[in-house]
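Q: Sequence:
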Amino acid sequence: MLACCGTVLSGGNRVTMPQSPTRLLVSEQATLTPEMLQRFSEHAECLQIASADGITLNGARTLLVLTPEQTDALLAQSRLTSPATPDFLAIIIWRTDHEQPVSAALLDHPLVVGVLDGSCPAETVYASLRSGLKLLHGSDESEAAQMLERVLDIGRALASEKDLDTLLNLILTHARELTSADGASIYTRDKNGKLYFRLWQNYSTGARSNAQQTLVGEYSIAGYVARTGELVTVDDAYTIPEAAPYRFSPAVDSSIGYRTRSMLTVPLKNKADEVVGVLQLINRKDRADTLLKTPKDVARHVLAFDEISRSVALALSGQAGVAIENTILYSDIEHLFEGFIRASVQAIEARDPTTAGHSFRVADFTGKLAQAVDRSQQRGLRDILFTHDQFTELRYAALLHDFGKVGVREDILVKAKKLYAHQLEIVQQRFKYARASIARDAYRRLLNLQEQQQLSPQEIAARRREIEDMLAQECERLDGFWDIVLRMNEPTISSEALGGELNTVAEYTFPDDRGEETVLLQSFEFAHLTLVKGNLNIEERAQIESHVSHTFSFLSLIPWTKGLSQLPGIAYAHHEKLDGSGYPRGLSSSEIPVQSKIMTIADIYDALTARDRPYKSSLPVEKALDILHMEADAGKIDPMLLAVFLESRAYVSSS
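One point on numbering: in this note's numbering, the residue at position 54 of the sequence shown is 168, and numbering is uninterrupted.
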């Protein structure tokens, strides 16, 4: 048999793609010696035939040695059952007489490659037959090379796909096309070795399925292949011997009105030669575009899967198995990283429970706005398009944008009022001390009053009422002062009137145990309570704002993939403003990534509407959107992005 094949590296194994069988069929009227035929027995199957009647190719490469009459009869009656092209068939005409004429039509026919007769020397006959076989051999090499290149191209396409369902559909489509199979299904194994049905395609019914994963029995054909790692070929699914170690279930055929006949079931193996899935091909057809609508169509057009089909399927299965494992590994890494990010967010929120849920909400709003911008045809935005990796990058940046809070003092993170709780408690104790000091002074005066013998009882009673009234007034005054302190301690914008009253509190003094005048408020307490906006002083605000730099430093330590390489910079700029008034770097509009501009809008909106901030009340949606409009009018945030934010209703929470 002529040896001609291509080789494909399949999951670490070499899969040989065989050529079609090669035959030399010689008319009995051709005077070839047995010795001559013997010389070709190593290269081809050599047979002598009485006539050209009944010649079929059946996928074999065939060199015919026929008389002119036999050649005419063969070509005129079109007896060949498979494509009669120079790739499959070549004819050498044997003249029984040196003078026997051969028509010009025969000599010009593309299948005719030579003319011989009994007068030709033996070596000439041998060389001519050898050339004819080489011609078929060369076409076989060409087909094998083309098939090899196609399988390699498919392998490269599979290797670049990261979505598992898309990958599985690609495998099914290419496998059907390469083998002329009418249907195909694919199965994958989980980490416990259980086999699950995933997807199927059928050309004749036009059906494609993204079915839910269904557990497959180990005695099904697919289950057997997964368990043993062996390829299984079935010529007729309904005539599988009882002794076979697998079974075919006709339930699917019955449910869709189909007839499965030939089957080829191939294990999908990884580089370690472990079965990660199974590919099952159904009903190989004589023509790829044939529709199998009736049992007669199946009987007429369905062929058994031959050696070439098996080799092609094995070659593809090796590529597919590795691609499936890589895609699952990629998905596992994504899930692992997603889990790490979520755990990181929960860790920082556990440290700063006052902003619980903020990062997840910002990621939600940011993702919606980015998708809306990606779809927008608005002038100035229509050229902004995000890849899958860029959407992922922006989502991760939004989730981690506040991670730098791990570098901020915890008491500042959770500070709810202008004074820390322990500071307010000290002020309260001072007020109690002042009340006690005033009462002590009053009681001393009352005792002194009792010792004054010259006063009449009426005068003593009058003086007592005077001292008691003064004590009551001072205590009431202290209560008023304490109320002012509590109101000024709220992190709202303070009114000038209330600030003026706090001056009175700060100027108030009372005598301590040593008789020295003591103030109710220390200077730093007064400074905190008179903050015009918010609850942080300059130093504390600088600490809070430093979280952005801490975030950038932390994220820059992570070896991000190429598709996520801009993530640290995106998170770094989420507090920058278009007019340069943002922090920490005071960037201008052109220096701020559009992803950061998107996140800025989401971050501000959530900060305004969040209900979990103890230092401020949440604002209604309408009021928050009004403030965003004011920010845009002031040149701080992007007005076009804000317009898309409003039009797309990206501010509506998914939860």
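Note that these hints are calculated values from the structure, not bench results. We treat Cβ as the ideally placed atom computed from N, Cα and C, and that holds for glycine. Take the hints with a grain of salt, since some may be wrong.
Unchecked claim - Computed Cβ-Cβ distance ranges for the label pairs, DEER-style: (1) L266 with G700: 52 to 60 Å; (2) A357 with R414: 44 to 52 Å; (3) D279 with T319: 16 to 24 Å; (4) V735 with H536: 32 to 40 Å; (5) D279 with H536: 54 to 62 Å.
Q: Take the hints in turn and mark each one as holding or not.
A: Status of the hints after comparison with the structure:
{"no.": "1", "hint": "L266 with G700: 52 to 60 Å", "verdict": "holds (54 Å)"}
{"no.": "2", "hint": "A357 with R414: 44 to 52 Å", "verdict": "violated (30 Å)"}
{"no.": "3", "hint": "D279 with T319: 16 to 24 Å", "verdict": "holds (20 Å)"}
{"no.": "4", "hint": "V735 with H536: 32 to 40 Å", "verdict": "holds (37 Å)"}
{"no.": "5", "hint": "D279 with H536: 54 to 62 Å", "verdict": "holds (57 Å)"}
The structure fails to meet hint 2 from the earlier list, while all remaining hints are met.
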